[in-house]
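Under our numbering, the residue at position 36 of the sequence shown is numbered 1051, and the numbers go up by one with no gaps.
In short, the hints are calculated from the structure, not lab data.
Backbone N, C-alpha and C fix where the C-beta goes; we use that ideal spot for every residue, glycine too.
One or more hints might be untrue.
Label-pair restraints from in silico Cβ distances [said to hold, decoys possible]:
hint, residue 1, residue 2, range
1, Thr1038, Val1070, 29 to 39 Å
2, Ala1078, Ile1024, 28 to 38 Å
3, Ala1078, Pro1022, 12 to 22 Å
4, Arg1041, Val1070, 28 to 38 Å
5, Glu1051, Asp1076, 14 to 24 Å
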Amino acid sequence: MSDDSVPAIQTVQRAAVILNAFTIRRPQLSLSEITEALGSTKATAHRYAKALREVGLLRYDSASATYTLGPAA
(Lines of atoms letter the chains of each structure in order from A and count residues from 1; the text may use other names and numbers.)
(Lines give C-alpha, C1' and ligand atoms only; values in the text may rest on other atoms or scores of the structure.)
Protein backbone atom coordinates (compact mmCIF):
# COMPACT_ATOMS: atom_id res chain seq x y z
CA MET A 1 0.00 0.00 0.00
CA SER A 2 1.40 3.39 -0.94
CA ASP A 3 1.61 6.38 1.37
CA ASP A 4 -0.96 8.28 -0.74
CA SER A 5 -3.70 5.96 0.54
CA VAL A 6 -3.26 7.03 4.16
CA PRO A 7 -5.42 10.20 3.89
CA ALA A 8 -8.11 8.27 1.98
CA ILE A 9 -8.16 5.56 4.64
CA GLN A 10 -8.34 8.17 7.41
CA THR A 11 -11.24 9.84 5.60
CA VAL A 12 -13.16 6.57 5.36
CA GLN A 13 -12.43 5.80 9.02
CA ARG A 14 -13.69 9.21 10.12
CA ALA A 15 -16.82 8.86 8.01
CA ALA A 16 -17.43 5.46 9.62
CA VAL A 17 -17.01 6.96 13.10
CA ILE A 18 -19.67 9.54 12.29
CA LEU A 19 -22.10 7.04 10.79
CA ASN A 20 -21.59 4.60 13.66
CA ALA A 21 -22.36 7.34 16.20
CA PHE A 22 -26.02 7.07 15.15
CA THR A 23 -27.92 4.37 17.01
CA ILE A 24 -31.52 3.35 17.52
CA ARG A 25 -31.46 5.22 20.83
CA ARG A 26 -29.66 8.22 19.28
CA PRO A 27 -31.07 8.63 15.76
CA GLN A 28 -30.40 12.39 15.78
CA LEU A 29 -27.11 14.08 16.57
CA SER A 30 -26.09 17.71 16.80
CA LEU A 31 -22.86 18.96 15.27
CA SER A 32 -21.42 19.13 18.79
CA GLU A 33 -22.21 15.45 19.34
CA ILE A 34 -20.66 14.53 15.99
CA THR A 35 -17.60 16.61 16.89
CA GLU A 36 -17.29 14.77 20.19
CA ALA A 37 -17.66 11.34 18.55
CA LEU A 38 -15.05 12.26 15.95
CA GLY A 39 -12.68 13.81 18.49
CA SER A 40 -12.01 16.71 16.16
CA THR A 41 -12.69 20.39 15.82
CA LYS A 42 -16.17 21.61 14.93
CA ALA A 43 -14.87 22.81 11.56
CA THR A 44 -13.56 19.34 10.70
CA ALA A 45 -16.78 17.66 11.85
CA HIS A 46 -18.79 20.13 9.77
CA ARG A 47 -16.71 19.37 6.64
CA TYR A 48 -17.28 15.65 7.07
CA ALA A 49 -21.00 16.10 7.80
CA LYS A 50 -21.36 18.30 4.72
CA ALA A 51 -19.60 15.73 2.53
CA LEU A 52 -21.78 12.94 3.92
CA ARG A 53 -24.89 15.04 3.23
CA GLU A 54 -23.80 15.58 -0.37
CA VAL A 55 -23.75 11.83 -1.01
CA GLY A 56 -26.99 11.15 0.86
CA LEU A 57 -25.50 9.43 3.90
CA LEU A 58 -26.68 12.18 6.27
CA ARG A 59 -29.63 14.55 6.38
CA TYR A 60 -29.72 17.87 8.19
CA ASP A 61 -32.83 19.29 9.84
CA SER A 62 -32.38 23.03 10.21
CA ALA A 63 -35.42 23.33 12.51
CA SER A 64 -33.82 21.13 15.16
CA ALA A 65 -30.19 21.68 14.07
CA THR A 66 -29.62 17.92 14.06
CA TYR A 67 -28.37 15.29 11.66
CA THR A 68 -29.95 11.93 10.92
CA LEU A 69 -28.91 9.10 8.64
CA GLY A 70 -29.79 9.80 5.04
CA PRO A 71 -31.45 7.59 2.44
CA ALA A 72 -28.12 6.26 1.12
CA ALA A 73 -27.22 4.93 4.57
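Right, here's what the structure says about each hint:
| no. | hint | result |
| --- | --- | --- |
| 1 | Thr1038 <-> Val1070: 29 to 39 Å | 21 Å, violated |
| 2 | Ala1078 <-> Ile1024: 28 to 38 Å | 36 Å, holds |
| 3 | Ala1078 <-> Pro1022: 12 to 22 Å | 35 Å, violated |
| 4 | Arg1041 <-> Val1070: 28 to 38 Å | 22 Å, violated |
| 5 | Glu1051 <-> Asp1076: 14 to 24 Å | 19 Å, holds |
Checked against the numbered hints given earlier, this structure breaks hints 1, 3, 4; the rest are met.
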